[in-house]
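Below, each chain spelled out in residue letters.
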Amino acid sequence: MTLEVRDLTVQFPTRRGVLTAVDAISFSIAPGEVLGVVGESGAGKSITGLAVIRLLEPPGRVASGEIRLEGRRIDNLPHDEMRKIRGRKIGVIFQDPLTSLNPLYTIGRQLEETILTHLPGVDARARALGLLKEVGIPAPEARYNAYPHQFSGGMRQRVVIALALAAEPKLIIADEPTTALDVSIQAQIIALLQRVARDHGASVMLITHDMGVIAETAQRVAVMYAGRIVEIGAVHDVIHAPKHPYTIGLMGSIPRISTERQRLVQIEGSMPRLNAIPRGCPFNPRCPRRFERCLAERPDLLPAATSLAACWLHAPA
Amino acid sequence: MPLLKLDGVSRDFDVSRPWLNRVIEREPRRILRAVDRVSFEIHKGETLALVGESGCGKSTVARLIVGLYRPTEGRIAYEGRRMQMIFQDPYASLNPRWRVKDIVAEPIRFLKTSQTVPEALLQVGLAPDDGEKYPHEFSGGQRQRISIARALAGEPDFLVCDEPTSALDVSVQAQILNLMSDLQKRLGLTYLFISHNLAVVSQVADRVGVMYFGRIVELAPARQLFSRPRHPYTRMLLDAVPDLAMSGKPRVPVAGEVPNPLAPPSGCAFNPRCPYANERCRAEVPALLDNVACHAVHEGRI
Amino acid sequence: MVFQRLWEHDLAWSFRRSPVTVVAALLTLLCVGGALLAPWVSPQDPFDMGGLNLNDAFLPPAWDERGMARYPLGTDNQGRDILSTILHGARISLGVGIAAVLFSLLLGVSAGLVSGYFGGRVDAVIMRIADVQLSFPAILIALLIDGVARVALSGERHDELAIPVLVLAIGFAGWVQYARTVRGSTMVERQKEYVQAARVIGRRPLAILLSHVLPNVLGPVLVIGTIHIATAIITEATLSFLGVGVPATRPSLGTLIRIGNEFLYSGEWWITVFPGLALIVLVLSVNLLGDWLRDALNPKLR
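Chains as they are written, first to last, in the working numbering: chain A, 1 to 317; chain B, 1 to 302; chain C, 1 to 302.
Hints were generated in silico from the structure; no laboratory data involved. Check before you lean on any hint, since a few could be wrong.
[To be verified] Computed footprint of chain B on chain A; a stretch qualifies when at least three of its residues, placed anywhere within it, have a C-beta under 8 Å from a C-beta of chain B:
#1 67-80
#2 91-102
#3 137-151
#4 211-224
#5 239-250
[Unchecked claim] A few chain B positions that, by computed beta-carbon distances, are all more than 12 Å from chain C:
#6 1
#7 10
#8 66
#9 75
#10 83
#11 84
#12 86
#13 111
#14 153
#15 156
#16 160
#17 223
#18 260
[Stated by the list, open to error] Only pairs whose alpha carbons sit at most 30 Å apart, straight line, appear in this in silico DSS-like list of lysine-lysine:
#19 B/101 - C/192
#20 C/192 - B/5
#21 B/133 - B/101
#22 A/133 - A/170
#23 B/5 - B/44
#24 C/192 - B/112
#25 C/192 - B/133
Using N, Cα and C, we set each Cβ at its ideal position, and we do this for glycine too.
Next comes chain A alone, as it looks inside the complex (with noise of 0.2 Å):
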């Protein structure tokens, strides 16, 4: 396994409290696997991504559990053999490219220094022009010495991607890298991602709150609500098939291209905020199929199917 989390919670402790972004989640990336994690603005995606590049901004901290990379654990390093970690190991692209690359330098003095700390002695600018060609940068000789402003979004996304690549790392961390792009460039992006991977071997963890996205990249995908994993399982079956009442709703609720006008299934209600989530399962609010049981306990993932899904309804009988 590349990457393993186990029971990863993630706390920010505030005046009115302590409030739990992440509650006890687990989950594994294998070599070359997609994972996409999905979910809901406040769902606690972006924050597992932060918590497992150990860039959390304070006072979020991560409680407890394990993250252990290629085996080894990272989530209690200190920080400078993080930082060799960061970047050599594990490569990150943010959602926004226009703030992920530095407006001062070239792209091809930050693609240089990134791989000069990490590959001391590697004839840095051929690795860079080679790594500019296999994203789809036309002519990257002519475009090293340019500056990011003169590249457009989708140019810069893929800039992004090289960066992240730069050092050959066994886990890619995208948070919403297509987002911020329209939907000509974000295929092209999907597509690249999706080579890019299986190309060099690398594990991805795909946050994002776009399924279409996932459909096309990803072999396996988590479902997260209100800091947990509510459904985990290989793409087709969560989509096709879900299994939490949750999942069922989003999917129920994501409009499809056709000819018919359908009227959209709505889950009634919004995400608990952090400081307010119900005891028990922490869907039950607006769970059409709750029962006595999801009130009062909280359910792990427990096997439906051929998936995991945190569900009562699910529970062996």
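Assemble chains B and C onto chain A, guided by the hints.
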């Protein structure tokens, strides 16, 4: 008699550099043509959607219609009594210092309509007590409801909706789209729905206009557009939508990006990326004939 | 109930958290209270010529063996009780400071709103005036205005109007900082959808500026204003020290410092030192209060 008619409407923006810079560097004025000779009609009771990617001019068209901008050329004729608008950003659409009841009451007071604030709030699924609160106490979806309540308090016949659900989570989006559909039936409203999301549009629109580079490239009934798209850009756009059904059909992402709006290609704006472009496409802007603005279609080549 | 809500509020919490602020607040309260209530609180009315006893002139502070308990901080060359003169002087200083800031605020916020909302030529003109004014030190501007007034009005008239003229002078010197801040915030708010919604409803620009934009741009103004009070007091003190501020019949702290300065080297140090200390304490506590307000209102630090 259509409720709204646009005839050859264009809008230019002057994005020239400051006067001093221009003089010193001998640069000409730079004019950006955001909307280029757009014409269409909207009939009472229907929902017309305008789709396109960022920068295609759809939001500018919305603002031209509502009066926030003046057209540089062309005419806009509105036969109805009042129109209102709903905006994309639920956080910036409501004045953070005003209570909800004042926000919703503003059009009632100013336009002297016969709605009351509690009625308006109930209509969108909120409680009359919510009027006492401030916007920051509500979620994104609830704020959008407040925006809708404010728009409806002005008793409009026509509602311009600029990406009303793009900033919302998918499940909240479903609630708002259903609400808007119910209100349309109940109050006999006409909608102009602006969006970049084709899937959403296919669920709400009667007719769809596809915009590219400030021009309408295809304008057809929704059923026809989604089953038999004709313009190459429309096809590319539909092709690019991620396939949730996972039918496994191979996709060919289209090459290239939107050209610089200050340096538009000559002739048809899509020609640099179009697999069917010929000499005429590079020279002559195609007119919107038979619902499509494409030489290749007109000439029967595709 | 209300008090409890106030106590629980974020501002009050951050206030209680910082001992420096609490001390500063108490000090300010003491100074301001004493100054405002001077006519009732001070042991002697220092401007009533009849009540002065020339024999009591040049008495040192009460703890010195030659001092008298009646004059806790000593007396000046005319037998005036220093404590009383400080209280009355502080009253004038504070009064002029606050009035000048209010005037400055009115001028600056209006200019900023107009400049930020309308842009274009209006903005260019206002900002160029502001730029030109910024190249002069505030004291010079105040001196200029005061000098013009002296020439324009006869001696007696000028004495009568001295304080209003001073307020105007210091006020004019300080409007630019408000204008710039408000202009920046206005330009941001103008783009927001709630302003566009108000325009769609049909509100006029003035109504939008006052009811929608103003409440959202006032935050930083409050902080600038509080710190500006301290600066205004110092400016007034400087002008009075130079002899061009308040008339001698109604001395402020600055005037007192000037008068006392003459006696510094002959050994009667208390006549200038105590007013000086009073000025420092007043200005320091107002400044600290302003610092706390800025930090408390900064959402990022909350």
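Cross-check of the supplied hints:
Coverage of a stretch by a chain is defined here by at least three residues with a beta carbon nearer than 8 Å to that chain's beta carbons; for the stretch 67-80 of chain A and chain B the count is 0, and the condition is violated. As drawn, the stretch 91-102 of chain A meets chain B at 0 residues by the rule of a beta-carbon pair under 8 Å; below three, the given contact is violated. Coverage of the stretch 137-151 of chain A by chain B is violated in this model, with 0 residues showing a Cβ closer than 8 Å to a Cβ of that chain against a need of three. Figure legend: the stretch 211-224 of chain A, annotated as covered by chain B; annotation consistent (5 residues with Cβ-Cβ distances under 8 Å, at least 3 required).
Judged by the Cβ-Cβ criterion of 8 Å, the stretch 239-250 of chain A is covered by chain B as claimed, because 4 of its residues qualify and three suffice. Against chain C, the non-interface label of residue 1 of chain B holds: every CB pair exceeds 12 Å, the least being about 24 Å. Separation of residue 10 of chain B from chain C is adequate, the least Cβ-Cβ distance of about 21 Å exceeding the 12 Å criterion. Residue-level check failed: residue 66 of chain B sits 5 Å from the nearest beta carbon of chain C, not beyond 12 Å.
No Cβ of chain C comes within 12 Å of the Cβ of residue 75 of chain B; the nearest lies about 20 Å off, and the non-interface call holds. At roughly 8 Å from the closest C-beta of chain C, the C-beta of residue 83 of chain B falls inside 12 Å, breaking its exclusion from the interface. The Cβ of residue 84 of chain B does not lie farther than 12 Å from every Cβ of chain C; its closest approach is about 6 Å, which violates its non-interface assignment. With a least CB separation of 9 Å from chain C, residue 86 of chain B falls inside the 12 Å interface cut-off, contrary to its annotation.
A beta-carbon of chain C is positioned within 12 Å of the beta-carbon of residue 111 of chain B; the least distance is around 7 Å. Not every beta carbon of chain C lies more than 12 Å from that of residue 153 of chain B, the smallest distance being close to 9 Å; the non-interface claim is violated. At roughly 10 Å, the least C-beta separation between residue 156 of chain B and chain C is not larger than 12 Å, which violates its mark as non-interface. Listed as a non-interface residue, residue 160 of chain B fails to keep its Cβ farther than 12 Å from every Cβ of chain C; the least gap is roughly 8 Å.
Look at residue 223 of chain B: its CB is around 32 Å from the nearest CB on chain C, clear of 12 Å, so calling it non-interface holds up. Every C-beta of chain C lies more than 12 Å from that of residue 260 of chain B, the closest at about 23 Å, which supports listing it as non-interface. For a cut-off of 30 Å, the pair hint linking residue 101 of chain B to residue 192 of chain C stands: about 20 Å separates their Cα positions. Our distance criterion of 30 Å between C-alpha atoms is met by residue 192 of chain C and residue 5 of chain B, whose separation comes to about 28 Å.
Restraint check for residue 133 of chain B and residue 101 of chain B: satisfied, since their Cα atoms lie roughly 8 Å apart, inside the 30 Å limit. The suggested pairing of residue 133 of chain A with residue 170 of chain A holds, with an alpha-carbon distance near 20 Å, which does not exceed 30 Å. This hinted pair checks out: residue 5 of chain B and residue 44 of chain B have alpha carbons roughly 11 Å apart, not beyond 30 Å. For the hint pairing residue 192 of chain C with residue 112 of chain B, the CA-to-CA distance comes to about 25 Å; that is within 30 Å, so the pair holds.
Note on residue 192 of chain C and residue 133 of chain B: the hinted pairing holds, with a Cα-Cα distance of about 21 Å set against a maximum of 30 Å.
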